[in-house]
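J.: For this one, chain W is given, so just place chains H and D on it according to the hints.
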Amino acid sequence: MTSVGHQSLSQDTRLAWLFALPALLGLLCFVLLPFVLSVILSFTNLRLGSPLPLEFMGFSQYQRIFTDQAFLAALRNNALFALIVVPLQTGLALLLALLVNQPLRGMVVFRSLFFMPVVFPLSLVAVVWILVFAPGPQGLLNQLLETITLGAWQARDFLHDPVWALPAISLTSIWQGVGFQMVILLAALQGIPHELYEAARVDGADRWQQFVCITLPQLRNAIIFVVLITTILAFRLFDQVQIMTQGGPNHATTTVMYEAVNSAFGSQQVARAAAMTVVFFTIVLLITLLQRAVSRHDRVIE
Amino acid sequence: MSGKQRIRMLSVYLLLAAFAFTFLIPVAMMFFGSFKPDDQVLVQAGRLGSLLPTEFHWFNYRDVFARVPFARYLFNSAFISLCIVAGGLLVNSLAAYAFARLQWPGRDWVLLVVVALMIIPLEAIAVPLFYEVTLLGWRDTYWVQIIPFIANAFSIYLFYTFFLGLPKELEEAARIDGAGPWRIFFRIVAPNAKPVFASVAILSFLTQWGALLWPLMVTHSEAVRPLPLGIATFYSLPPLQWGDIFAFGVMMVTPVLLIFVLFERWFVQGVATTGVKG
Amino acid sequence: MWLRKLPILVLSGWLGIFPWLSGCDRNSEADLMVLHVWAHAGQEAERQVLQAQIERYNLQSDKIQLKLTFIPERDYNAQVQAAALAGDLPDVLEFDGPYLYNYIWQRHLIPLEDVLPHSLLDDLLPSIVSQGSYRQHLYSVGVYDSGLGLYARKSALQKIGARIPVSAADAWSIDEFNQVLGQLAALDDDQAVLDIKLNYSGEWYTYGFSPLLQSAGADLIDRQSYQSSDGTINSPAAVSAMQQLQYWIQQGYVDSNLDDAAFTSGRVALSWVGHWEYERYRNVHQEDLIVLPLPDFGHGSRTGQGSWNWGITRHSRNSLAAAQFIVFLMQVDEVLAMCDANGAVPGTRSAVQQSALYGGQGPLALFAGQLMQGVSVPRPKTPAYPVITTEFQNAFQQIRNGGDAKQALDIAAHKIDQDILDNQGYPFLQ
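Residue numbers (the working numbering), protein chains in the order written: chain W, 1 to 302; chain H, 1001 to 1278; chain D, 2001 to 2430.
So here's chain W without its partners, still in its complex pose:
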């Protein structure tokens, strides 16, 4: 009934295809097609540049990666990383958004400051943070922690410590990404009508109650959006790992994407890398669907 009005359905269709064709064509050729190719390749034994003929291998690539310690560690690390980063980053973003939303002077400056890291390319961020994590008492973070804990902190080599390496990378990622989330939450915060708070104050609700009963529900959609995007991005973790820890120590920081890229370019096993990316896609798709089901958000696709 209500499309662009008086035109017939077929005219509408033709128009729609005209509008959508360039983008759809681009996505088809440069995203969907390579991905489908990846799926097909995952059933072969393709290697980069090998003069040997291609063979069909059935599920054996999948078999191999699921019995590979490094890949299993990667899956585990991706999950851990998402579990650490998503709540922490979202929580911090919310806190910063709440702070910056105060009607005080100079908030624009703070807003820009917190957003600044987002503007840095990930590779640059990783390089600079290597220095921050420098081992020994001279390292910046070690120094800072020692000062804060009044000498109780023992200097660590974060990036080479099996326990601290992943948290270190998480910290770097949170630093880089929180500004983006903050801006989204801030915008949502600014969209909450004042009347709601007025009414609540009249009813005698204190600040905490106002936060829980008004702010959070109103922010629900924004938070869901932010969590979804951050989760997807968290699973794509690659740059920091490649530059800062190379997957170590002892596979403590390797991720699915890192294993895939290394398989393809380091060991030249393209088919194996393809299998990994198919697994990756399936997992993230499932998680995304799960999140959407749980959130009962009626925004997009019915």
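Just so you know, not all the hints are guaranteed correct.
Claimed, not checked - Computed list of lysine to aspartate or glutamate pairs in EDC-like fashion (alpha-carbon distance at most 20 angstroms, straight line): (1) D:2406 x D:2417; (2) D:2159 x D:2176; (3) D:2406 x W:195; (4) D:2067 x D:2046; (5) H:1004 x W:68; (6) D:2067 x H:1132; (7) D:2159 x D:2046; (8) H:1168 x W:12.
What the hints assert, rightly or not - To list a few chain D residues with every Cβ distance to chain W over 10 angstroms, as calculated: (9) 2056; (10) 2163; (11) 2173; (12) 2223; (13) 2258; (14) 2314; (15) 2374; (16) 2386; (17) 2387; (18) 2411; (19) 2419.
Please keep in mind that the hints were generated in silico from the structure rather than gathered at the bench. These numbers come from a predicted model, not from an experiment. Just so you know, even glycine gets a beta-carbon here, dropped at the ideal spot from N, CA and C.
T.: Same frame as chain W, but now just chains H and D:
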């Protein structure tokens, strides 16, 4: 202002300042370190000195220009990113409009596929894509760094949610006046969608500005290489020249920072009306 | 409103023009043959020398013009591989040591023994010949080779009364080495007395530490057949050699070297590294600097070899011209010019003789000697090398971080063997 309010205000500022300080540490380190000699950078690495402008030399910047054709790389990065952004704004917004406002068979299924495609990162399809562009003969050109990235599922999604939220009255009114769909889009919808255009522009620009893996795979001439490949030259063999790396980093980030500062207001506004509406 | 469209229009116009402009070849001479040359972007001095060499060559030739492209070193192999896949390789290019064999296997290179003069072939260092030869053909020559050893401060060693070895034959045994480490550590503030360049990444670990395995009687792969690493890379000898290394790290003898100044600042007395540090070290320590062979883990002191080498691709339309260029680069003066710039060991005997550093009684004669006397071991000459080095590097990282050495090496062996199986043993196809 009451005492309680004053305390609240102070604590907010204090908290903000503490966060701002921690946030700025790496940035200050990079910025001020770019003016210091390499050994100073390392000596100061753990101390407060690394965050302060203790010395001021230009030789790192000079080095950067001497060791790599920085101006060329900068131009390449800018050109490639701008083309992707410009092309993307046009192509993705049109597609999103088709999803948001037009009825056509299969629309919802295609939209579902597009949303699913958002998940796929470049690294996952890099090798097949590489074979593809090699077949097309696009290697070592500007084209190969631009064309595959113009259509973007995430941009379409952002435009889509925004267009859904636009009130239909303006478009209805224009239609009644006899305007065709192209005019409606370009004269009514787009001008009212400045915030989302700004957000998509900034986001895709940021993504493309820092792209490393793809240019690495498909280019080798300096004529078409972008900035991130330039940093690879510095981050190669030890001894790492941190001063140079920092200088490169500063020069790489400054243009983007400036753009962001200029368009920040639009960006925040744009973000407010995209994925967030209830 | 059209104003909004204007930028897009301008950009589209730009889009059309610029790629075309960038693709323009500056060379307008019709019957001039252009040879494309790729080289790794090494240190500034190296690049300048090569650039000057290309320019001089171009001046003296009226038929051939060389076009040089520098590729960043860190991603060199990835870029070459990508170009190889696309059929886009230049006429002449450098290869990073043992990555050569994979390209030979992929049938990208032509044999050189027919296009290079005998006088040159006879003059090459045995290590260069060994590196460039595969399956009875010579596919590459290196202008220079590398030297690996233990730099030390004579004064520090004299203070603890240690014996100072002068050649690979009387290198320290592992027990002596441990003793030296312990004695040095006792006198040192932070116990760290040895630098093994833990700040380096990538190929260094295979280059710098596979000699450890070889000195212990093990190796990266079984060189009889090149079909399996199991039992070689994870043999008891290999495991205990790596455990020895791990012991040094865990005892605190090894400096993390984040600032790459452990040796130059005097924090450590020993530095396990290659020829490229000689100049920097010498500038700081002057006469106090001495060069020692690596310790003997039981089967004789072993050391590494191999460096960038030049090959000619099958795609080249004028391989004779390309060969002429290589002959030019291998002339004594040109070799010495390059070695002056990067401090490497000259690739020909005549150049070594004339080298102040490496000839006769020069300070780095030890390195040249190791290469000529077979103390140096080439990294495995097999197309499986990329996997071997990746897996050994992974194992090294595990071990360096305290992981179980046997387990790490077992995993490496398994992965390497799997790769060889996957590639059907890397058969040599014609």
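J.: With reference to the structure, classify each hint as holding or not holding.
T.: Against the structure, the hints come out as follows:
The hinted pair formed by residue 2406 (chain D) and residue 2417 (chain D) meets the criterion: a straight-line CA distance of about 16 angstroms does not exceed 20 angstroms. At most 20 angstroms may separate the alpha-carbon atoms for a hinted pair to count; residue 2159 (chain D) and residue 2176 (chain D) meet this at roughly 16 angstroms. A hinted pair counts as satisfied when its Cα atoms are at most 20 angstroms apart, and residue 2406 (chain D) with residue 195 (chain W) does not qualify at roughly 68 angstroms. Proposed proximity of residue 2067 (chain D) and residue 2046 (chain D) is supported: the alpha carbons are some 17 angstroms apart, at most 20 angstroms.
Proximity of residue 1004 (chain H) to residue 68 (chain W) is assessed by CA-CA distance (about 60 angstroms); at most 20 angstroms being required, the pair is judged violated. Distance hint between residue 2067 (chain D) and residue 1132 (chain H) is unfulfilled; the C-alpha atoms sit about 28 angstroms from each other, more than 20 angstroms. Taking the CA atoms of residue 2159 (chain D) and residue 2046 (chain D), the gap is near 38 angstroms; set against the 20 angstroms cutoff, the hint is violated. Annotation: proposed proximity of residue 1168 (chain H) to residue 12 (chain W) holds, straight-line Cα distance about 17 angstroms (limit 20 angstroms).
Residue-level check passed: residue 2056 (chain D) sits 35 angstroms from the nearest beta carbon of chain W, beyond 10 angstroms. Its beta-carbon lying about 32 angstroms from the closest one in chain W, residue 2163 (chain D) satisfies the requirement of being farther than 10 angstroms from that chain. Once the 10 angstroms rule is applied to beta carbons, residue 2173 (chain D) is consistent with being away from chain W; the minimum gap is 30 angstroms. The non-interface label for residue 2223 (chain D) is consistent with chain W: the shortest C-beta to C-beta separation is roughly 21 angstroms, beyond 10 angstroms.
The Cβ of residue 2258 (chain D) sits about 6 angstroms from the closest Cβ of chain W, inside the 10 angstroms cut-off, so the non-interface label is violated. Taking the minimum C-beta to C-beta distance to chain W, about 12 angstroms, the non-interface status of residue 2314 (chain D) holds against the 10 angstroms cut. At roughly 31 angstroms from the closest C-beta of chain W, the C-beta of residue 2374 (chain D) stays outside 10 angstroms, upholding its exclusion from the interface. Listed as a non-interface residue, residue 2386 (chain D) fails to keep its Cβ farther than 10 angstroms from every Cβ of chain W; the least gap is roughly 6 angstroms.
With a cut of 10 angstroms on Cβ distances, residue 2387 (chain D) falls inside the contact zone with chain W, its closest approach being about 5 angstroms. Not every Cβ of chain W is farther than 10 angstroms from the Cβ of residue 2411 (chain D); the closest lies at roughly 7 angstroms, contradicting the non-interface assignment. With a cut of 10 angstroms on Cβ distances, residue 2419 (chain D) falls inside the contact zone with chain W, its closest approach being about 6 angstroms.
The earlier numbered hints that this structure contradicts are 3, 5, 6, 7, 13, 16, 17, 18 and 19.
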